[in-house]
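Colleague: Here is what each chain is made of, one letter per residue.
Number of protein chains: 2
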Amino acid sequence: MKINQFAQIHVDVKQALAELQTIGLFTAGATNKPLATNLAHFLHSCFPEAATKSGQDEAIAKLLLDEQTTVSDFLVAPTALSAAQFYNLALQLLGFEAGTDFDLADPLKFMRSSQLAFDATDPVDNTTLLTNIYLLLTTHTKLGLTFLDDLANRGFFASYTGPRPLFFNGKAQAVFDTRNLIKEVVYVEAPLDTDQDGQRDLLATTIFRPRVTDDLKIPALYTANPYFKGINNVDAMLHDVDQELAVKTATVKSTVTPQKPLPAPRQVAGQANQTEKTATDLSSYALNDYMLARGFASVYAGGIGTRDSGGIRTCGTVEETISTIAIIEWLNGKRRAFTNRTDNIEIKASWCNGNVAMTGKSYLGTLATAAATTGVPGLKTIIAEAAISSWYDYYRDNGLVVAPVDCQGEDTDVLAELCFSRQKDAADYAKVKQVFADELKQLQVGQDRTTGNYNDFWDERNYRNQAANVKADVVLVHGLNDWNVKPRNAEKMWQALKQTKNQRKLILHQGQHIYINNMPSLDFTDMMNLWLSYELYDVANNAPAVLPNVTIQDNLQPETWHGQHDWAPTDRKRRLYHFTPASLTLDEPTDAAFVTFKDDNRRLFDQHEQNETRWLHDFIAEPTTYQAQQFRLKTAPLTQPLVIDGNIVVTLQAAVDQPTGMLSVLVVDYGKGQRLGEVPAIIERNGYQLDPAGKTDNLVEFKLQAATDFKLITRGHINLQNRVSRSTSLPVEPGSFHTVNFELQPTHFQLAAGHQLGVIVYASDMGMTVRPQTVANYRLDLNACQLSVPFTKH
Amino acid sequence: MKINQFAQIHVDVKQALAELQTIGLFTAGATNKPLATNLAHFLHSCFPEAATKSGQDEAIAKLLLDEQTTVSDFLVAPTALSAAQFYNLALQLLGFEAGTDFDLADPLKFMRSSQLAFDATDPVDNTTLLTNIYLLLTTHTKLGLTFLDDLANRGFFASYTGPRPLFFNGKAQAVFDTRNLIKEVVYVEAPLDTDQDGQRDLLATTIFRPRVTDDLKIPALYTANPYFKGINNVDAMLHDVDQELAVKTATVKSTVTPQKPLPAPRQVAGQANQTEKTATDLSSYALNDYMLARGFASVYAGGIGTRDSGGIRTCGTVEETISTIAIIEWLNGKRRAFTNRTDNIEIKASWCNGNVAMTGKSYLGTLATAAATTGVPGLKTIIAEAAISSWYDYYRDNGLVVAPVDCQGEDTDVLAELCFSRQKDAADYAKVKQVFADELKQLQVGQDRTTGNYNDFWDERNYRNQAANVKADVVLVHGLNDWNVKPRNAEKMWQALKQTKNQRKLILHQGQHIYINNMPSLDFTDMMNLWLSYELYDVANNAPAVLPNVTIQDNLQPETWHGQHDWAPTDRKRRLYHFTPASLTLDEPTDAAFVTFKDDNRRLFDQHEQNETRWLHDFIAEPTTYQAQQFRLKTAPLTQPLVIDGNIVVTLQAAVDQPTGMLSVLVVDYGKGQRLGEVPAIIERNGYQLDPAGKTDNLVEFKLQAATDFKLITRGHINLQNRVSRSTSLPVEPGSFHTVNFELQPTHFQLAAGHQLGVIVYASDMGMTVRPQTVANYRLDLNACQLSVPFTKH
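First to last, the protein sequences are chains A and B. Be aware that the first sequence starts at 1, since it is given in the UniProt record's numbering, and climbs by one per residue. Be aware that the second sequence starts at 1, since it is given in the UniProt record's numbering, and climbs by one per residue.
Pulled out of the complex, with its shape left as it was, chain A reads as follows (with noise of 0.2 Å):
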């Protein structure tokens, strides 16, 4: 078991002191206290759930300080405290098991092994106990949990009558009552009128808030959500991807549609103190929910087009964008809101320091993005997990229609269908279908999927065009295994954010499409507490240089997050592998060489199962029963291990029998071994808890699994006709030699010794691009194809 606490900060022996008065544990006197006589008050103060003396010493009482000594019998008869009797102590403490777990005769070891943090001093003298206690309550327990969130969750602030918010360790301690929260609903007034109905789209807006008794604004972490309100089932409406690849002419321009001339704001008619309207949706963000007991509201707002709110839904329009800020506006007194749709009563944000932090994992993540675009006051930092930062990244790849991983046939057009939830009422719905099927028309027209060309309509979505204006510091979240919202997505979002002076902060997980809150090996959830302490409290605890600038987990060591300066710089050393007929080399080939597949694999897939996962597996794995359907070589197996970090990228000198052509490369990791599951196990359902009143998520950690023959790395798709770029389209002369020169998905993937580096060139690719039925036969010039891969060391 290792645990790396990134956010566990070290603080000298007078700050210790102070912090520990201010949780109400030790007074300032406790220095000239017997040593027994402070770990006796410490031990009592470990059982808040037992209110009396007898109840804290029968809990005390299942305490070994080593094989022959109870912690009672020490409390009774004091001696000297051995380094490892505190530390077995502290491991009991924070949940570990004796003889399972540690071994009660070297402690120290099991604090090592796991990254533990301790001070070796021996024996403990009074000060170093007083520290010791300090670092314990800052140490994870078995549960993933700081030992302090522990205590509390177990009612140790349940009589604190100290500051709120209140700090420890540079972060936010659960000092706020969760069990009766205040669950209200605004109407926010943006400055749009999307639904064209002579009004400016009222955005129903949800908040969840601790009663805060005296007059403290807090500040407020808010989720921007399209699902919030539920979704629409799409399955009719996905495309048809058993389609050929176009000759493509024009790209399709945007029709400008002449800008209607915005409603004015509604006449205030009254201003109100309190809501009217009780929230009844349940939060859905486990991270703010956290929050809200360490003194952070949660706001959650759907947009325009979902349920309960005005507007349509249109999919990473720039509409879209002002619908998220409308609601940082609001927080931040510079905007309208309503206490409902009806009366024009004013409602304000009152309750709310104005510092706004924004948060969440896909499109969420993707609207977090959006609003930092536009420098909007008030947000302070976004936590944008496996966000787009641009759509074109997302739906499209080279020229191509390239789907997100099980999404074949989705597209700008099927998600903002998804999400327009207004369609769950009747009448409502009724009101603004015919605005809505236009918009949908629109969306056809501009996303253009028979050339998948880029183009006005995706560069409007392009958030990374206005990286220069934004003004919040930014934490991007990313899954090096997202084939859903792939990982260029946050690269590019990474590199254009240098231009900026803002703080930046990168964490990289071996997951796919996940969080990572809920990990014991990564202290993800007090990273974020630590951070958003300093955004939104203006906390000095120093965050921007505590917290590494890019953290990895490492792919095949379990439980190891490694922090590091940077990820995939530009200026990363590369190795250049050449083909040959035999292997991937770094040696330059000699003879002239020409390899030939062709392009069958949608019959294969439909004489199959038709299952993508299925067809991807069974086309890396060797033998493969895909053989005539691809070109593939591999190195020789690796002397040293090789860390991949940053844009492998391919150039290929492919000729096609067809006016028409695509390439798909697979780079793969060949090897038997054991390697992370891509998706978190569950440890303990329900064993991380995230509040005082008991709110739970589970305990989840990415495990090794049974060993297997190979690992995708990464991979990327091209059209031949956007051999130039990809806005621009080329004719395909069939049977003439076109090259091909493109990134592609950033990773961090470090490749064992004694394993090989394959790469797979093929055309259709059965999971994301279009499946044509014409059989196309293609040739590849191997002289004058490349593999230049970046890398680094640990």
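It should be emphasised that the hints constitute simulated quantities derived from the structure, not laboratory data. One or more of the hints may lead you astray.
One copy or two, either will do: identical chains are not told apart, so a pair holds if it fits within one copy or between any two.
Stated by the list, open to error - Here are the simulated DSS-like pairs of lysine-lysine, each with C-alpha atoms no more than 27 Å apart in a straight line:
{"hint": "1", "residue 1": "Lys2", "residue 2": "Lys703"}
{"hint": "2", "residue 1": "Lys348", "residue 2": "Lys53"}
{"hint": "3", "residue 1": "Lys142", "residue 2": "Lys431"}
{"hint": "4", "residue 1": "Lys433", "residue 2": "Lys109"}
{"hint": "5", "residue 1": "Lys53", "residue 2": "Lys431"}
{"hint": "6", "residue 1": "Lys253", "residue 2": "Lys433"}
{"hint": "7", "residue 1": "Lys471", "residue 2": "Lys793"}
{"hint": "8", "residue 1": "Lys334", "residue 2": "Lys501"}
{"hint": "9", "residue 1": "Lys142", "residue 2": "Lys433"}
{"hint": "10", "residue 1": "Lys53", "residue 2": "Lys217"}
{"hint": "11", "residue 1": "Lys441", "residue 2": "Lys253"}
{"hint": "12", "residue 1": "Lys380", "residue 2": "Lys217"}
{"hint": "13", "residue 1": "Lys253", "residue 2": "Lys634"}
Model the placement of chain B on the given structure of chain A, informed by the hints.
Modeller: Below, chain B without anything else, positioned relative to chain A:
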């Protein structure tokens, strides 16, 4: 979509109007008011989340009466209200979507097809409107709750001031606030000293109960849960199943441990009105959580040997049962509990009305069964899901060690160790380590893995021996595909209970070892609410007559549940299938016929990937790679469907070339078809809301899967040495024929017409029996082999 609401009671007009008054929705004068007034009043009550008329009007404005008419239009200018209009409205209120789920042109078509109750009176007069509203409140939403539950979750009862508890349609309603529950721990003194420390074992007991402001006493749902305080890792303790069968000599007799005198009860040193220890446990059972807001306390206890309690784990003994019922005795005022383990301050369950129901699945349901067989006063009913009724039927079968699925190598000693969570507290464990080690040794002797015979040890653990003592009404729930706790446990208990006068109900689903409280197709939670209101609050709701005796889920049609009078009665008609070399047939064989197969399954299993699930699949599949290892027969395709109901009995005459032998039998439905998954799919994560405070469970449903070629119906195993009985061993003479006759696991299974009934005879079963290395050759005398199949009609 089909919705089965077995607990929906149809009442007369008078009763409906009276109950509508009880929940404060209408006054007695409503019958004299205009229909539109009543409808408007009702609709305004349907949006309790909106505190103002404006907010409610906005919600109402989203509803359509028909394609042309909004509800708002109607309320402004009322006309006659058609039944179709009312049910369009009703379906929208229930969360069904116009155009997607149902057609506004014919809502009654959807009502019929989904089996929702309705009154077709057309047009709707005022009285019909009121009774329609009553019916609507008791009807399920799309998310599996009654509409009144949905309203309650949205705040309908937030300002309710009437009597608590409140019953509507015979079921308790959510009028208790669960946001700020009393969560407390007491220590019940059991009449046991299983850890031999000279003091009676104290049992930590966790109580969750709503704060009740008046002197109302409430009943308790009690779940005895040995896993409640955590489990130990037992991987290292699993028994090696790569074993030869033993030639049996003697059966293990109980070594009668001299009964030590029970220590005297503790001297009471005082009385407390309040507990002093806060429970920090998180509740884990959704049915209990659901009932909490409805006026039923939840009580959890781990029992002897679990963390924070005294005693040791003994796996299924009388002591474990005594430990289980001690809690009930305390709830019922007949046993003492203390506020802590030190001070001997007594605390009474003064909040409890003395009525207790036990709930839980698997080991939890097992302890409910055990408790019921004591006839303990106060235990009014048990809801035992997937419960063991005899531990022999869990770990053994017909003189063989037969593991629960995925539990090879587990036994009573392993399970005792798994649950002995006192081990987690180092100093506490040190005190009882030796006593528990001795207990494990005794378990290992008594369980006797060498012979697998039924003996005194197992007889003590056969709760059915005491079935005549049961005084509680019993609900049994079991999965017909549960190969962990196999269906025999439910079936034999069901039969044994017939000797008592108690009410009994049985629910059989098509799942594995799962809970079924959260499926839209079955109102299990309502059924249990009706039952528990009847049992624990003495509500005259006629529950025993309202609910079917036996509710069985159809294995072919999704969302279909049948009520029937009994399951597996002994007088079911039977079809006798004979074995011929060519087929399983109803015709008596004429010619002698012998077949052979060999048992080298272990060798093949080791060669392959040692995956038990895949092994079983491949063993049954056609063609099978295990042809030489089995004898397989099928009937001709059935001309009519066949509904098997009860215990298939198999007779085999077999010889083996070894001094030991075993036979395993699989009965299989062969025929291509879609079948229900054995694990319900998640329809909506956290989509099933349990209370107004926002506690949730996933919403799930059994779904039809992609077509498969076969489905396992049932199975059984026998040791050839136990051909006379499971407790008596006879020698196996190599080469001689021996006859065995035994029941397979009971089932209820419909084979479609055109399918074939198959039987597979073999020896060692990789997933369940020991796996001998010695290759054995078996011979069957087909003329003496038969399959006796009980059947019924739907």
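Colleague: Which of the numbered hints above does this structure break?
Modeller: 7, 10, 13
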